[in-house]
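Student: This note's numbering puts the first residue of the sequence shown at 192, with every later residue one more than the last.
The hints are simulated quantities; they were obtained by calculation from the structure and are not laboratory data. All of these numbers come straight from a predicted model, not from anything done at the bench. Please note: incorrect hints may appear among the correct ones.
[Claimed, not checked] Below 30 Å or equal to it, Euclidean Cα-Cα: the simulated DSS-like pairs (lysine-lysine) are:
1. K606 with K625
2. K474 with K606
3. K545 with K474
4. K625 with K597
5. K606 with K560
6. K444 with K474
7. K484 with K442
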Amino acid sequence: MDNQNKNLIVAAVLSALVLIVWTVFFPPEQTTNPPAGETVSDQAASSTAPNIAPTPGALDTATRDANSVENATEANTQNVPRIAIKTPEVEGSLSLMGGRLDDLSLTRYKETLDDDSPAVRLLAPIGGKDMNAAKPYYVVYGWLPAGGYSADQVPGPRTVWTAPDDATLTPETPVTLTWDNGAGLIFRREISVDDQYLFTIRQSVENTTDTDVRLAPYGIIARHGIPDSRRVYVLHEGAVRMSDGALEEIKYKNFDGLEQTAGEGLAEITSVSDGGWTGFTDKYWMTTLAPMKGPFTSVVKYSGEQSDIYQTETRLPIMDVAAGQTASADTHLFAGAKEWEAIRHYQDDVGIPKFVDSIDWGWFYFLTKPIFRVLHWLHGAIGNMGWAIIALTCLIKLIVFPLARKSYISMARMKELQPEMEALKERAGDDRQKLQQGMMELYKSNKVNPAAGCLPILLQIPIFFSLYKVIYVTIELYHAPWIGWIHDLSAPDPTSVLNLFGLMPWGTPEPGSMLFILSLGVLPILLGISMWFQQKLNPAPTDKSQAMIFAWMPVIFMFMLGSFASGLVLYWIANNTITFLQQYTIMSMHGKRPDLFDNIRSSFKRKSPEDQK
192 MDNQNKNLIV AAVLSALVLI VWTVFFPPEQ TTNPPAGETV SDQAASSTAP NIAPTPGALD
252 TATRDANSVE NATEANTQNV PRIAIKTPEV EGSLSLMGGR LDDLSLTRYK ETLDDDSPAV
312 RLLAPIGGKD MNAAKPYYVV YGWLPAGGYS ADQVPGPRTV WTAPDDATLT PETPVTLTWD
372 NGAGLIFRRE ISVDDQYLFT IRQSVENTTD TDVRLAPYGI IARHGIPDSR RVYVLHEGAV
432 RMSDGALEEI KYKNFDGLEQ TAGEGLAEIT SVSDGGWTGF TDKYWMTTLA PMKGPFTSVV
492 KYSGEQSDIY QTETRLPIMD VAAGQTASAD THLFAGAKEW EAIRHYQDDV GIPKFVDSID
552 WGWFYFLTKP IFRVLHWLHG AIGNMGWAII ALTCLIKLIV FPLARKSYIS MARMKELQPE
612 MEALKERAGD DRQKLQQGMM ELYKSNKVNP AAGCLPILLQ IPIFFSLYKV IYVTIELYHA
672 PWIGWIHDLS APDPTSVLNL FGLMPWGTPE PGSMLFILSL GVLPILLGIS MWFQQKLNPA
732 PTDKSQAMIF AWMPVIFMFM LGSFASGLVL YWIANNTITF LQQYTIMSMH GKRPDLFDNI
792 RSSFKRKSPE DQK
C-alpha cells in the first residue's frame, strides 16, 4: 500500500474515532419524573429543608425548622399576592410568600421555532398552573437567628411580606418588601433588576429594641427534580460554583454521592473567603447566587430520592445589629441566558469573579475560548451565524496552511517516487526488512517525510473537539438560521431523505428516536459527497479490504453526523471543500495534478470476475 493511501486511511480512522467517541457518549433522551404515585405538590409537602447555618464557627445556637424550605402547599402559594416583573429580557412575577422569585421567562428565547411557541421558562413555582410543563425551580432568601429569637421571628421561605399595591419590578422601579416580626425587628428586602439578567437583593434589618441582636442572612436556589432535557457527556449540567478562584462542577447524577453531614443530610459545604458564586447551570440557561462582598459559605445539597430536591445556597456571616441600628447584606442573582457578552459584563464591570467560566469551555478551554471569540466577532460582522462558521473554517485552514502545504508537497513527492518504490518492491521480493530499509533510504535521499500527511489531521482533532464544544454550548446558535431550510444551527438538519426532503406528505422520525439515524438530511448528504470527492484525489487502493473501507467511509460519516448540530456539519463540509481545493491546487503546482476524473470514472467501472476475486 502506498503512503498516500496510508495517510488517507489514518485520517479516516482518526476522524471516525473522534465521531465514535462523541456518539458513544450521547445518551438517550433522559427524563426525570416524580416517583410513582407522588405529585409535585406531594414532594413539596414532604421535602426537607436546608438546615441553614452561617459561616462555620460564627453561630453557636439555633437551627432551621426541618421543613422550612417547602412546607408550603399548592393552595397557600397560589393565594398569596404577586409582584409583576417586566424588563426587556425577562418577564414573570415574584411571590410575597417568602419574597421568592419563582416565575421567570426569557422573552427573547422560545421553546421551539413555532410562531405560537411560549418563551423559555426559567423559574417555576410550586403548584403552578403549568406544573406539568415546568418543575418547581425558584430562589428564596431569609435570615437565621443567632440567639434571642426563634426561627418564626425571622423571615424565611413561608413568611408573607408586604409591598406597595402598585409595585412592579422593572429596571427603573425597584421594589421593597417589608415584614415586621412584632418583636422589635423590621426586615426589608429591596429588589432591583437591570435591563438584562442581573437582580440585586439587599436584605436589611432594623433593630428597634433596646438590646443587640445577632442574625445571619442566606439565599437558596431550589430545584425539584432534574430538568426534562437531553444531556450529553460533553456538556456539564447541574451545580456550578466558584470558590476563591476554584471552579467546581457537580452533575445531577452525582448529587446522591454527596457526603452525609451532621444536620445537613447529603451536602458539600465550602467556606469562601475571597469571593465567588454558586448556582445551577443548564445548556443555555443559568441561575446563580453571588454575594457582593466578604466571606460566605457555599453549600450544595440534595434531599434524597423521595423528595428529589436539589439546592445550592450562600450563607453569609452573622451580623451584630446594635440597638437602634440597621444592618444590611447585598447579593447578586443572575437568572437568564448564558450570553457571553452579558456574563463578561457582569464579570468585568460588576465584579462577579471569573463569571465567564460559568460557560462550560471544556478540556480544550485554551482553544475553545479564542475560537469562540473569533466566531462571536465574525457573527457580529457578518450578521449570520452560518456564514460566520464558514468564515471561521477559512481562518482555521489559513492558520494551519503552512503545515498543510508541507503535507501536500510531501504527497506530490511521494507520487514522483512511485516508480522507484515499485521497482524496489520487485527487487526486495518477500524480504520485508530489505524493503523497509530501501524505502527509508529512498525517503532520506529525496528528503521526503511519509508521516507529513498525517500532521494536519492530528492537529485538526483538538480543533474539531474545540469547535464542536463551541457550537454545542454557544447560545448564539440557538434557533439561529442560515439559509433556506436551515432555521436552527444548533439542531440537526430538519429535512429527510425518507420523505424526499418534504416532497412526500408523510412525517419522519423525531430527533432522539432510534430510526432518526436513517433520516438523512441535505447537509449530511453534502458532507458525504464532499468526503467522496476528497477521496478521489487519489486512486483507490489496490488492496480489496482497503478499497472497501474507502468506499464505505463517506456513507458511514453521513449517518454518524446526521444527528449532529447543523452548524457542526456545515463546518465539516466547509473544511472538506477547502481541503480538497488546497490539495488539488498545491499538488498541481508541483507537477502532480491529481487524476480526479479518471479516479471517479474508475470507481464506476464494472469490475471483471478476476478483479472481484
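Student: Next step is simple, just say for each hint if it's right about the structure.
Tutor: Verification of the supplied hints:
{"no.": "1", "hint": "K606 with K625", "result": "21 Å, holds"}
{"no.": "2", "hint": "K474 with K606", "result": "49 Å, violated"}
{"no.": "3", "hint": "K545 with K474", "result": "19 Å, holds"}
{"no.": "4", "hint": "K625 with K597", "result": "28 Å, holds"}
{"no.": "5", "hint": "K606 with K560", "result": "40 Å, violated"}
{"no.": "6", "hint": "K444 with K474", "result": "16 Å, holds"}
{"no.": "7", "hint": "K484 with K442", "result": "27 Å, holds"}
Of the hints listed earlier, those the structure fails to meet are numbers 2 and 5, in rising order.
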